[in-house]
Amino acid sequence: MKKFVIELVEHSFIIQRWDEIEALIVNAFNESSFNDGYTVESLLREILDADTKQFIEGLKHVIALSEENKILGSCFCVPTSKMDNETGADVGWFFTSSELSQLKKLKVADAIMTKVHEEMRKAGFQQVITDMGTQAGAKFFSKRFGYIHSPIAEQSNRWIKEL
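Mapping of the sequence shown onto the working numbering: position 33 corresponds to residue 33, and the numbering continues sequentially without gaps.
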């Protein structure tokens, strides 16, 4: 298997590589069953507009890059700093390239999420509290990374990962 690197990047990287990212996301989510009314278009808009979340200081993205500098996957909108009273935070959309073998997808996913959890712990967060955009994502994150379905009255699609 060829090597890849995991990088923590600013939103300017997403803008610069948007055409590639958009094509990869469309392919990755093409046949997905979305939760909560999400669509491919809404998730693309959410990722592209992440820089408008000015109120979230330290919001970055974790990207997996091949030796040829191709994007292999990402977790978007990872908080890398927190307010004094925060214990948990949300992360954005996650994907791996549909061009990867199943084994390589798992290796890339593991590396991305290890970095995400590491950055959040380093910032002082104790939990990831997030929604799962797809049914497949919920199943995968539950089994692979220990995310637990923890619905509350106003958020039925709530998942928590202790860091």
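Calculated directly from the structure, the hints in this document are not laboratory data.
Hints are supplied without guarantee of correctness; some may be wrong.
To be verified - Using 30 Å as the maximum straight-line C-alpha spacing, the simulated BS3-like pairs for lysine-lysine come out as follows:
{"id": "1", "residue 1": "K82", "residue 2": "K2"}
{"id": "2", "residue 1": "K82", "residue 2": "K143"}
{"id": "3", "residue 1": "K3", "residue 2": "K122"}
{"id": "4", "residue 1": "K104", "residue 2": "K3"}
{"id": "5", "residue 1": "K104", "residue 2": "K143"}
{"id": "6", "residue 1": "K139", "residue 2": "K105"}
{"id": "7", "residue 1": "K70", "residue 2": "K143"}
{"id": "8", "residue 1": "K82", "residue 2": "K139"}
{"id": "9", "residue 1": "K105", "residue 2": "K115"}
{"id": "10", "residue 1": "K105", "residue 2": "K70"}
{"id": "11", "residue 1": "K104", "residue 2": "K115"}
{"id": "12", "residue 1": "K143", "residue 2": "K107"}
{"id": "13", "residue 1": "K2", "residue 2": "K115"}
{"id": "14", "residue 1": "K2", "residue 2": "K107"}
{"id": "15", "residue 1": "K105", "residue 2": "K143"}
{"id": "16", "residue 1": "K3", "residue 2": "K107"}
{"id": "17", "residue 1": "K143", "residue 2": "K3"}
{"id": "18", "residue 1": "K104", "residue 2": "K139"}
{"id": "19", "residue 1": "K2", "residue 2": "K105"}
{"id": "20", "residue 1": "K3", "residue 2": "K105"}
{"id": "21", "residue 1": "K139", "residue 2": "K107"}
{"id": "22", "residue 1": "K70", "residue 2": "K3"}
{"id": "23", "residue 1": "K122", "residue 2": "K105"}
To be verified - Simulated DEER-style distance windows between Cβ atoms:
{"id": "24", "residue 1": "Q155", "residue 2": "E57", "range": "22 to 32 Å"}
{"id": "25", "residue 1": "Q16", "residue 2": "I152", "range": "18 to 28 Å"}
{"id": "26", "residue 1": "K2", "residue 2": "D36", "range": "34 to 44 Å"}
{"id": "27", "residue 1": "L103", "residue 2": "A153", "range": "23 to 33 Å"}
{"id": "28", "residue 1": "E67", "residue 2": "A153", "range": "47 to 57 Å"}
{"id": "29", "residue 1": "Q16", "residue 2": "P151", "range": "15 to 25 Å"}
{"id": "30", "residue 1": "T87", "residue 2": "H149", "range": "16 to 26 Å"}
{"id": "31", "residue 1": "Q102", "residue 2": "A153", "range": "36 to 46 Å"}
{"id": "32", "residue 1": "Q135", "residue 2": "N27", "range": "17 to 27 Å"}
{"id": "33", "residue 1": "S156", "residue 2": "T87", "range": "20 to 30 Å"}
{"id": "34", "residue 1": "V40", "residue 2": "T87", "range": "24 to 34 Å"}
Ideal Cβ placement from N, Cα and C applies to all residues, glycine included.
Structure-based check of all given hints:
1. For the suggested pair K82 and K2, the alpha carbons sit about 36 Å apart, so the restraint of at most 30 Å is broken.
2. At most 30 Å may separate the alpha-carbon atoms for a hinted pair to count; K82 and K143 meet this at roughly 28 Å.
3. Between K3 and K122, the direct Cα distance comes to roughly 26 Å. Compliance with the 30 Å bound is thereby established for this hinted pair.
4. The hinted pair formed by K104 and K3 meets the criterion: a straight-line CA distance of about 10 Å does not exceed 30 Å.
5. Pair hint K104 plus K143 holds up; C-alpha atoms about 17 Å apart against a cutoff of 30 Å.
6. At roughly 15 Å between alpha-carbon atoms, K139 and K105 fall within 30 Å of each other, so this suggested pair holds.
7. Among the hinted pairs, K70 with K143 is consistent with the structure: their alpha-carbon atoms are about 28 Å apart, no more than 30 Å.
8. Among the hinted pairs, K82 with K139 is consistent with the structure: their alpha-carbon atoms are about 28 Å apart, no more than 30 Å.
9. Of the supplied pair hints, the one linking K105 and K115 holds, its CA atoms being roughly 15 Å apart against a limit of 30 Å.
10. Annotation: proposed proximity of K105 to K70 holds, straight-line Cα distance about 14 Å (limit 30 Å).
11. At most 30 Å may separate the alpha-carbon atoms for a hinted pair to count; K104 and K115 meet this at roughly 17 Å.
12. Between K143 and K107, the direct Cα distance comes to roughly 15 Å. Compliance with the 30 Å bound is thereby established for this hinted pair.
13. Distance hint between K2 and K115 is fulfilled; the C-alpha atoms sit about 19 Å from each other, no more than 30 Å.
14. Taken as a hint, the K2 and K107 pair is honoured in the structure, with Cα atoms around 11 Å apart against an allowance of 30 Å.
15. Taking the CA atoms of K105 and K143, the gap is near 15 Å; set against the 30 Å cutoff, the hint holds.
16. At most 30 Å may separate the alpha-carbon atoms for a hinted pair to count; K3 and K107 meet this at roughly 10 Å.
17. For the proposed pair K143 and K3, the alpha carbon gap of about 25 Å is at most 30 Å, so the pair holds.
18. As the CA atoms of K104 and K139 are separated by approximately 19 Å, the hinted pair is consistent with the 30 Å bound.
19. Our distance criterion of 30 Å between C-alpha atoms is met by K2 and K105, whose separation comes to about 13 Å.
20. This hinted pair checks out: K3 and K105 have alpha carbons roughly 13 Å apart, not beyond 30 Å.
21. Our distance criterion of 30 Å between C-alpha atoms is met by K139 and K107, whose separation comes to about 17 Å.
22. Of the pairs offered as hints, the one joining K70 and K3 holds, with about 12 Å between alpha carbons and a cut-off of 30 Å not exceeded.
23. Annotation: proposed proximity of K122 to K105 holds, straight-line Cα distance about 25 Å (limit 30 Å).
24. Range check, Q155 to E57: Cβ separation about 24 Å, and the 22 to 32 Å hint holds.
25. For Q16 and I152, the Cβ-Cβ distance of about 38 Å falls outside the hinted range of 18 to 28 Å, so the restraint is violated.
26. For K2 and D36, the Cβ-Cβ distance of about 36 Å falls inside the hinted range of 34 to 44 Å, so the restraint holds.
27. A beta carbon spacing of about 41 Å between L103 and A153 contradicts the range 23 to 33 Å that was offered as a hint.
28. Checked against the given bound of 47 to 57 Å, the beta carbons of E67 and A153, roughly 48 Å apart, stay inside it.
29. About 38 Å separates the C-beta atoms of Q16 and P151, a value inconsistent with the hinted range of 15 to 25 Å.
30. For T87 and H149, the hinted distance range of 16 to 26 Å is satisfied, since their beta carbons lie about 19 Å from each other.
31. Taken as a hint, the range 36 to 46 Å holds for the pair Q102 and A153, whose Cβ atoms sit roughly 38 Å apart.
32. Judged by the Cβ atoms, the range 17 to 27 Å given for Q135 and N27 holds: they are separated by roughly 18 Å.
33. For S156 and T87, the Cβ-Cβ distance of about 22 Å falls inside the hinted range of 20 to 30 Å, so the restraint holds.
34. Distance hint check: the CB atoms of V40 and T87 are about 32 Å apart, consistent with the given range 24 to 34 Å.
Hint violations for this structure: numbers 1, 25, 27 and 29, all remaining hints satisfied.
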